[in-house]
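Participant: Spelled out from the first residue to the last, the chains are:
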Amino acid sequence: MATLTASPTVAPPPNRARRRQRRRVPPVLLAFLLVPIAVEAFWVFWPALQGFWLSLTNWDGVSAPGFVGLGNFGELFGDPIFRSSALNTMIWLLLFGGLSAIGGLGLALLLQREGRGVGFYRAALFTPVVFSLVATSLIWQALYQPDGLLNKVLGGLGLESWQHAWLADPDTALYAVLVPALWRQVGYVMVLYLAGLKGIDPTLFEAAKIDGAGRWQQFRFVTWPQLRSVNSVVLSVIVIDSLRSFDVVWAMTKGGPYHSSELLSTYMYSTAFQSLRLGYASALAVVIFVLAFGVIVAYLVRAFREDDS
Amino acid sequence: MKRRTFAFHAVAGTLSVLWLLPIALVLLTAIRTFDDIAGNGLGALPDSFSLDSFGEAWNAGGQSQAMLNSLLVTVPTVLLSLALAAAAAFALSRYDIPFRRAIILLMLAGNLLPPQILLVPVAKLCELLGIYDTLPALIVVQVGFGLGFYTFVLQGFMRAIPDEIQQAATIDGAGPVTIFWRIILPMTRPALAALSALAFTWVFNDLLWAITVLRTGTVMPVTPALLGLQGQYVSNWNVIAAGSVIAAIPTVAVFLRFQRHFISGLAIGAVK
Amino acid sequence: MSIGRRRFLRNVGLAGLGAVGAGPLLNACATSTSTGAVTQTGGAVTVQSNLSAPAAKTAIEALVKGFNDRKGATASVNTVASETFRTQLPSYLTSANPPDTYTWYPGSLLSGYAEKGLLLDVGDVWQTMGNYSDAFRTLSGDGRGKQIFVPTTYYWWGMFYRKSKFAEWGVTPPRNWTEFLALCKTLQGKGIAPIGLGAGGNTPWIASGWFDYLDIRINGAPFHRDLLAGRKRFDDPKVKNVFATWKEALPYFDPNGTAVAFQDATTSLLQGNTGMLLIGAFFADSAPKDILGDVDFFQFPIIDPAVPVAEEGPTDGFFASARTPRRAQVSEFFKYVATAAGQELYIENSTGTVLPTNPDAKDSGTELVTKGRKLLQDAKELTQFFNRDSSDALQPTADAALVRFIQSPNEIDSILTDWQSAAEKIWNA
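Protein chains in written order, with the numbering used here: chain A, 1013 to 1321; chain B, 61 to 332; chain C, 789 to 1217.
Derived from the structure by calculation, the hints contain no laboratory data.
Hints may contain errors.
Said to hold, decoys possible - With a straight-line Cα cutoff of 30 Å, these simulated DSS-like cross-link-like pairs (lysine-lysine) come out:
hint, chain 1, residue 1, chain 2, residue 2
1, A, 1164, C, 953
2, A, 1266, C, 1020
3, C, 1213, C, 934
4, C, 1028, A, 1266
5, A, 1266, C, 1159
6, C, 1162, C, 1150
7, C, 1213, C, 904
8, C, 951, C, 1168
9, C, 973, C, 1020
10, C, 1162, C, 951
11, C, 853, C, 1026
12, C, 973, C, 1123
13, C, 978, C, 1159
14, A, 1266, C, 1035
15, C, 1028, C, 853
16, A, 1164, C, 904
17, C, 973, C, 951
18, C, 934, C, 1150
19, C, 951, C, 934
20, C, 973, C, 904
21, A, 1164, C, 934
Could you put together the complete structure from these sequences and hints?
Facilitator: Rendered as structure tokens:
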């Protein structure tokens, strides 16, 4: 009875599986499904369609919009700021996404067992997620100042050559902002992984231990495969958050100095609410959406298909 | 064994201290006076001690009203969105609804849109419905916007629940609602707990939707109210820091409270 | 499953086409603005205020209370964060029931809204403001004969320093550019960063003060206004000249100038790490109270004595929505805030560093304020500040260009070309 959870090595007999799929759908389920979809359709899809429409216009928020067809998109691809922010977004996606996944998983593994004080450690790591960005961004800016704590520590360790004006130097700004962003994200990913780890049947571990598996092998052959559905969630979360990462970057640098830490999301915001070019900003948003959707759908479709087999 | 526990506590403890360092600095800022910060800088060691900023944030800064607004918005939003999401996730993960994967992706797609692009259309929509500048508007907007993601996460967890349990219940004559309420939902408890904590945090700390849908200062929740403590040119950082500390209390409390559910024994393990 | 997927994709395609086809309908929803005559009801005048700093908030609340105490029309003030106000302003003005009045500043933004018929004509209020200077009158017009703005306060910009520190270093305020550079050299010899700047963090716009002043000193206010209104180009040789002069002073700038925000630059100045700061009078609001008496300023040095002296005097005040249902009450409120009594009430309750626009009103009377008032009164021309004279949309282009210049002054040609192309995108939008 230990192999109840879907294990990739034991395939259920084909006939039974097919019959399982063909259950009839009780009508009450339609209510279960349609009410949430209706809510989302009204508040998200309908405005989204309007947003897509706006990307084909030029609108300043006040006067009537003028239709420009694909003009905004044409301008987009010739815009050097768009190109650099797209590149920055890719870097961000890899670094922010990758590091928060690894960090979150590592922390979840570390703090999954119960014990004295583990609750405190978890809360400590989660606190940055809940703390208001207005205050913490201020502190991080102070930390990064030329005479701030970070440079002081580096000086104290004799690493004067590593001192920088972290947020003002175009070469370091993006990476400097990455740190507080990760600081705020890792606790959140940890929580997702904790929930997933809790869902792993402990008897699987027992069986593995009996078979003589060491810690790393347990992770590789029990934990990691069992985390598959959690991983798809975490990946989606990470892609969504990376591409929508806005608060931290905006609060720390506003995309500066001169666009060196500009992400697609900050560029879109500044175009919409500073330059007041809402049509162009909508076009940027469409690009962000297509990117995110593409990445996630590609992964999820594959994950779904794997589940089928 | 003791050595391993010691190493564990050393590593976990150091990490926690590092993680809490910026928060501690916020606390330090909150107990300084404005003149101290103006004269010595934000990064300097405190030269003063005063708890006035907490009082100022609470009263003059309007934190008390803002906290109430935040709670009035967050609690219904979390309950409503998780209820709807769980229902949708249940239908999508436990039954063979046609195009269910497309539907899941579609709902998730709603979350892939940068929210900034939806701000203006949503504001106009709220005006059309006559709920602009009211808290219920913020509630429904937040619910709508979060649904896709919560559904996606919950269906991921629900999918992992073995089929046999449900089959057994169906054979016993249970209808879908009973299965949902009595079997699947309790087994998804860790995911629900985790999502509740996260949802509470997000809705509580939200800024963009609040400033889009609300206009009057007295209905603003905590995060825009904190922003409102910043002046056009000059800001009282000590008051803002104190306000942030106050604002963080509910969310940390919620997390601590829900943490226990991650560790409660799972029914999955009890299938034996 | 492939059939299902094909059908799904086809449905998505159809939905997409439908969305585009439904364009005009969507258009109407998101971008609609109500039109038509507004029935006049009564009620309290709503004042949407961005004055969120504690002192300014107290001041405007006192002003409104003073208005309400007259037992005539009533008003109520609603304060939101400055940044929130700015991003939501188009939303406020185009909503179905907009707030009646708004705090803001005059400039191209307001003229733009006036052109679209969103602002109330306050000519009747100006009838009672006969003692106001012509400069204010022109500033408050929409360029086509209507008055749309009521100025209530303004302030000045200057080179602020600490008297005690200057005495300690044995230097005195300079009167022209040559003396200014000599002063910087002396200070640098003493190991102090002569010129402070707070153009880092969230306040890169501080650098625009330097650009503005150098431009009005070298090229004069009319050229500056034309440039900021899009009638001249940023790659004009006259503009390049501004940067050539700026380069003379660059070696004396605080090397951390673009890394710290304005409030931290203030701290640096007060601690004696930097010598002077080109900043607006709101600087005094960020200083600890006990040091305030030690703060003084001098006029931005004259570079070309042939150019008529211009100063930056950003003006703040109120405007109203054209679709307010309380026109008579709004008028009454505006008449009140334009009186000397109203402005004195405001200044009393604020930090006292602003000047009243009504020439008959008294200011807070401190040495600093009196000196500032005289500075502005003696000026032949008044400009407002970069974002007010041009537009809030153009300000980020200036921030990018100027910070880049300060960090890499030799790239000036490409900086100006980029600035011009970024500005064109804004003007052509």
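Participant: Please go over all the hints and tell whether each is borne out by the structure.
Facilitator: Hints, verified against the model:
| no. | hint | verdict |
| --- | --- | --- |
| 1 | 1164(A) - 953(C) | holds, 27 Å |
| 2 | 1266(A) - 1020(C) | holds, 28 Å |
| 3 | 1213(C) - 934(C) | holds, 29 Å |
| 4 | 1028(C) - 1266(A) | holds, 27 Å |
| 5 | 1266(A) - 1159(C) | violated, 36 Å |
| 6 | 1162(C) - 1150(C) | holds, 13 Å |
| 7 | 1213(C) - 904(C) | holds, 21 Å |
| 8 | 951(C) - 1168(C) | holds, 28 Å |
| 9 | 973(C) - 1020(C) | violated, 35 Å |
| 10 | 1162(C) - 951(C) | holds, 19 Å |
| 11 | 853(C) - 1026(C) | violated, 50 Å |
| 12 | 973(C) - 1123(C) | violated, 51 Å |
| 13 | 978(C) - 1159(C) | holds, 29 Å |
| 14 | 1266(A) - 1035(C) | holds, 26 Å |
| 15 | 1028(C) - 853(C) | violated, 50 Å |
| 16 | 1164(A) - 904(C) | violated, 54 Å |
| 17 | 973(C) - 951(C) | holds, 18 Å |
| 18 | 934(C) - 1150(C) | holds, 28 Å |
| 19 | 951(C) - 934(C) | violated, 45 Å |
| 20 | 973(C) - 904(C) | violated, 52 Å |
| 21 | 1164(A) - 934(C) | violated, 58 Å |
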